[in-house]
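J.: Spelled out, the chains give:
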Amino acid sequence: MPRRQLTDDVTWVYGAHDTGDGRAVHTSMHLVEGEEGYLLINSGDHDVREAFLDQIRAVVGDRGVGTIFAQESHIPNSANVSAFREEYDADVIFPGGASPIHGLPEVIQWPQYGTESLYGRTFDLTRGSLLDLPHTTWIFDRSSGVLFPLEGFCYYHDPAETGALSSELADGIRYEDVHDFYEDMLLWLKYADPRKVIEDLRGIVDDFDPEIIAPAHGNPIVREDVPTYVDHIERAVTEIADSYEFKASTA
Amino acid sequence: MSSDVCIPQDPQEIATGSGEGVFWIEECIEAGAMADYLTKHPDGQGYAEGWYETGHGLHLSINAYLLVGTDKTLLFDTLSPASRDHIVEAVEGVLGDRELDYVVVSHDEAPHAGNTFALMERYPDVTFIGAESGSPVDELHHFEDAERVSYGTEIDLGGYTVEFVEPVFSDSPATLWLLEHDTGLMCTVDSFGFPHYPEDCGKFEDEMATEMNANQMIQYNGRSIQWLEFADPEKVRDQLQYHLETYDPEILAPAHGQPLRGDLERYAEYGYESAKHLSENGALLPLFLTVKKLEESQKGDGDPEAAAGD
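Line by line, the protein sequences give chains A and B.
The first sequence begins at 1 in the numbering used here and counts up one residue at a time.
The second sequence begins at 1 in the numbering used here and counts up one residue at a time.
No incorrect hints appear here.
Using 25 Å as the maximum straight-line C-alpha spacing, the simulated DSS-like pairs for lysine-lysine come out as follows:
1. A:Lys-247 with A:Lys-196
2. A:Lys-247 with B:Lys-276
3. A:Lys-190 with B:Lys-276
4. A:Lys-247 with A:Lys-190
5. B:Lys-276 with A:Lys-196
Quick caveat, the hints were computed from the structure, so don't treat them as lab data.
So here's chain B without its partners, still in its complex pose:
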């Protein structure tokens, strides 16, 4: 399956350490509706401050990470069904004659797990790993063929050791983060997501044309982590801070944003700021309105499209 809205990116090595390489495999999707919102809608223009130039295109990434140890190999997430050929070819291109030993599904949602069975068909001896958390019923997560692991479980890949970590911003209950101890790579799944300019595909955040800020992260969190509206932002801040203190990562590798390195406290603070903003103002919805705006429109003429100002 392919799609003209999904743009495959070549795998690139983002860390080496004692193994044979950690590779970032990116699928970018056009975020045209988000760009329109930021360009045309009064609320959106407020969110554009500090990072977005009116009318500019936007992408949102969907990321997988391939860890090639000296003994074993592991793929964390599988991209979406729209990139089935891309993920299989990218893994084959990096591994060559080597086998894929583990495929880890961060959680049971199509943009993350969408090609699990295609990869299992290509690599029939691969071990499929999913989270122990969530429902104990394997069938509800399609985990019948999976080895379900708890937080703290480690796997030695040779040169690399991965540990599964409790998530912070998760949607599905069966969600895993991953920490690789040698390189300090921490795969944070739905946490630390943000849109980027098309010319910034394949770049670390610190290589982007404009430095990312909290407004940029709100664009992702407000639509994808809608429960933040009901959150206590101080708990979110505490959990993010606790993870940084406990695991001391070098690279934050989100599923829906460019990899982050350097001053990781800054990014955690953006996560807190976005949680605080959304808890005060409500989530952003597919029609690109805040919940409050829609509720106001329902009390008025009840026309959400009109309220959107489109």
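Bound conformation, chain A alone:
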């Protein structure tokens, strides 16, 4: 499992799983270096635990990870919170608050909306429009201009391009990779009103104007490729939502 610097102080640690159709899906986490410590955003799925720990150890050295941000409580993204907490005695931030039912008895609660400071950096928080579990929170790091949208801005990729930025993809961001990811992973989109989803998503992009968008399950998207991605997701959400066929006799 390799890593790559997205900016001077944001490291992308990534792996990928084959989807069985010639494509792959990322599992990612991101490390943000602040003045007084490292913030780890998400922790990956359980399958990559040791590899991710090795990568993080190589970056942080003796400084350790001070805080882990769990953007949601779901196996693909937060399966290793306990492992990192044990390794570094790190604080855990979880927008859902302390919750024994999620296996998180002690946490720092940040809101799903608002602005927080940590390690000399300012983070904007927002509840994303492409979400699955409750408490899902997207984070924008003002210092680096990187948006961390978890399940937002995701897409499948060619396994040969796992470590690439969007600008380095041979065919650019392919529409079918965006469509198929969301058809598989956000089942509720068929119940969606696509205008609401897209309006919310475009609003977030306009508000933050990110330099880089760093999803949990996709190649990082550089600023010049964001309009292409947004066009793709608008078309994909509309197609998935329009595929719903009314079936009940009262319809």
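Add chain B to chain A, keeping to what the hints say.
T.: Frame of chain A, contents of chain B only:
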């Protein structure tokens, strides 16, 4: 692992039919923040209408259902990590010397799947079942040891036949509902959830002190199914209605509410009403504000806590 906020309930038989019993295993959690919201916040007081008495305690249930057929046994969901001992002891108490043959995880979230591996350790020959939907990559759902099933798959337990059904209000993409054909039990996972009074633990909805209403269901759906804000409520209504027409269930058995029976159309209508309300007003967030309220606060002084009026 145990927790003083989780209150285990004794398993109780909620249907019999041609098998040896369908048992409801409940874990209740204190919903104090929700009670505070309904008691103290102006918006919350509006939602209390018709079902909630100011200052009263509230619980939210986390449910598993154990089906004991004449040949095979099946557990649907495993409770949360906070109730590990409870679920193992409850299953042992019902099954006695019999084996647990199937453990079905409705989806890969801790309050539902939190004790899967503890149960697999206790019953090493058990078959672990998860949904085929979601990512094709088993590792992303921790389904490497699971048999992944599609909607429509049936399992004969002897006396009982279960069928896996497409969900309506789902969060994780790898989600299954379950229908048992003999008793008409339909396990609806994150659909039809609602909080209840502590004295109503272990009761069917129709046995509760106060009849449940749409405001009560909004308290759950608004926080746990946040995508309803982006939904077309007419699609949600259609899918709920289609399920009732197609599967004709007798009992709706949610993961986060008391079991429902009788006039099931009424409950489906509450599901629709809550979807409609949330699509118009936005989801409820952990700080117990609506999205709209928070957006307004950000345009003002940007202090969501102040906007909460706490």
